[in-house]
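J.: We have chain Y already, so just place chain B on it with the hints.
Keeping their order, the protein sequence lines are chains Y and B. First residue of the first sequence: 1, per UniProt numbering; consecutive thereafter. First residue of the second sequence: 1, per UniProt numbering; consecutive thereafter.
These aren't lab readings, by the way, just hints derived from the structure by calculation. Incorrect hints may have been included.
Claimed, not checked - Just the calculated beta-carbon pair ranges, DEER-fashion:
(1) N250/Y / E98/B: 54 to 64 angstroms
(2) T86/B / K71/Y: 31 to 41 angstroms
(3) Q276/Y / E63/B: 54 to 64 angstroms
(4) I90/B / K286/Y: 41 to 51 angstroms
What the hints assert, rightly or not - Heads up, simulated DSS-like pairs for lysine-lysine below, C-alpha to C-alpha not over 27 angstroms straight-line:
(5) K80/Y / K115/B
(6) K83/Y / K115/B
(7) K67/B / K19/Y
(8) K12/B / K72/B
(9) K115/B / K52/Y
(10) K47/B / K71/Y
(11) K47/B / K97/Y
(12) K19/Y / K72/B
(13) K47/B / K69/Y
(14) K115/B / K222/Y
(15) K72/B / K23/Y
(16) K47/B / K35/Y
(17) K23/Y / K47/B
(18) K82/B / K97/Y
(19) K97/B / K52/Y
(20) K296/Y / K181/Y
(21) K23/Y / K97/B
(22) K222/Y / K47/B
(23) K97/Y / K97/B
(24) K67/B / K97/Y
(25) K97/Y / K115/B
(26) K115/B / K23/Y
(27) K52/Y / K47/B
Every residue, glycine too, gets a C-beta built ideally from N, C-alpha and C.
Residue-level listing of the chains:
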Amino acid sequence: MSGFMAKLTDRAVHILEGKDAIKLLQGITTNDIEKFVSSSQAGLFALFLDPKGRILCDGMISKISQFDKTKPVFFIDVHKAHKEFLEAHIQRYAFRKDATLHCLDEDMEVQATFSEIILPEEKEGTRQKWEDLDEQLLPKDDEDTLNIHGYTAFVDPRNKVLGTRTISAKEVLEIDENIIKKDANFYNAFRMLAGICEGPDTVNHIPHMLNFHLLNAISFNKGCYVGQELIARTHTQGILRTITIPFIANSNLENFDQSLFVPISLYESNDYMVKQGEKILDIEGKTIGQVISCNKNIGLAKVKIESSEGKALFADGVSLNLFKPLWLSEVYSDDKDGNRRIEN
Amino acid sequence: MFKLIIKRSFVKMTQECIQQIKKICSNDQFLRLTVEGGAGCGGFSYKFEISNTLNTNDHIIEENGSKLVIDKDSFSIVEGAKVDYTQEMIRRAFLVKENPHAEMTCGCGTSFNPKPFPSKKK
Chain Y
1 MSGFMAKLTD
11 RAVHILEGKD
21 AIKLLQGITT
31 NDIEKFVSSS
41 QAGLFALFLD
51 PKGRILCDGM
61 ISKISQFDKT
71 KPVFFIDVHK
81 AHKEFLEAHI
91 QRYAFRKDAT
101 LHCLDEDMEV
111 QATFSEIILP
121 EEKEGTRQKW
131 EDLDEQLLPK
141 DDEDTLNIHG
151 YTAFVDPRNK
161 VLGTRTISAK
171 EVLEIDENII
181 KKDANFYNAF
191 RMLAGICEGP
201 DTVNHIPHML
211 NFHLLNAISF
221 NKGCYVGQEL
231 IARTHTQGIL
241 RTITIPFIAN
251 SNLENFDQSL
261 FVPISLYESN
271 DYMVKQGEKI
281 LDIEGKTIGQ
291 VISCNKNIGL
301 AKVKIESSEG
311 KALFADGVSL
321 NLFKPLWLSE
331 VYSDDKDGNR
341 RIEN
Chain B
1 MFKLIIKRSF
11 VKMTQECIQQ
21 IKKICSNDQF
31 LRLTVEGGAG
41 CGGFSYKFEI
51 SNTLNTNDHI
61 IEENGSKLVI
71 DKDSFSIVEG
81 AKVDYTQEMI
91 RRAFLVKENP
101 HAEMTCGCGT
111 SFNPKPFPSK
121 KK
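Isolated chain Y (complex conformation) (with noise of 0.2 angstroms):
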């Protein structure tokens, strides 16, 4: 049992600030940004769509400390690829409104704590209550200098098995040397045992065959928003015939030990890549499926939900062991035909 932490080098952090904010973020995302306002909710998972509902790019949205509603500034953090495409679709969406992005991927850094047994207690989301460190870790001289207020720390929004994020000026906080070191792919690869997706691999997909629904990504009750149409839709029919869930390759899972939330221990350094898109095959040669990430030995799939599981399957000659996150296994029912209806 230890808890790690990582820097997520991965991410770029960007700062959106103007009176429009809330209004621009609210139509082009698929999160309630208005939680910010009428709650204490710092962080929110949200993703941004095309017209047709599939997937452009993901962000993790938070408040900053002294969140003042008139004048709303965020921290939005994406995956560095998806840097430049965040600028130019902000930029498009702002027409006629008072917001502007700005990158800190110089400045600021995102960092995870999080642990394959400990949960956090608070409720997910919720800002931590890290008061007394608040002076330490910022020392108020620097916040004018790098035009941030302080730092932001929360659960992460999406689950609570992936800890709490921290997004901090660079080099400033520090760890407890209990606390063991990691480093972005070793988050990536404990993010995928848990089942969730992120980056460029979320590009093109539907949100829902992604496990987004039960990640807090969505909000089903804040209106239009751009993609929505298509997100309504998936949800009010309420069945859903293909999941995406966590494999090991070439890897027995007997001394799997179920009473942890995400096997981190059998990530390991050998390298089985699996090319992205490649089809996962049963013992018969049939499709059931398709890699959406791999790293490593771990990976994602998303795969036709009664085809699954206890079986031996295949993706480009390495065999696979896919297994269904605790979380999830808790959150899904399934019914007669094998296919999960949406609980609305």
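T.: Relative to chain Y, chain B alone:
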């Protein structure tokens, strides 16, 4: 050689629209159309309002005494479209139709997604 370029620098109004503006606007009032970004299912939405203040750079379209006013920024992405007034069971409203700048219009017709702006092309 001459090349004839026809510029669609207008926004049309249908008869129903002209009639309705006449009906609801007094002498110095007019119908104002604005396009707002980051709103509606399409990302950009049309907004109609009755107003009597003109700003600089406003485009004025006048027909039979009915006035439609569009500001410069909005005009650039509704140029060539048609403004109609529909009376259906579901609603009675002014609508923008056949906007050549719209790639896709949402189900209720109040928002649209524009084609990429020409200036942004690489």
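J.: Of the numbered hints stated previously, which ones are contradicted by the structure, given in increasing order?
T.: Checked against the structure, the only hint that fails is number 7, while the rest are satisfied.
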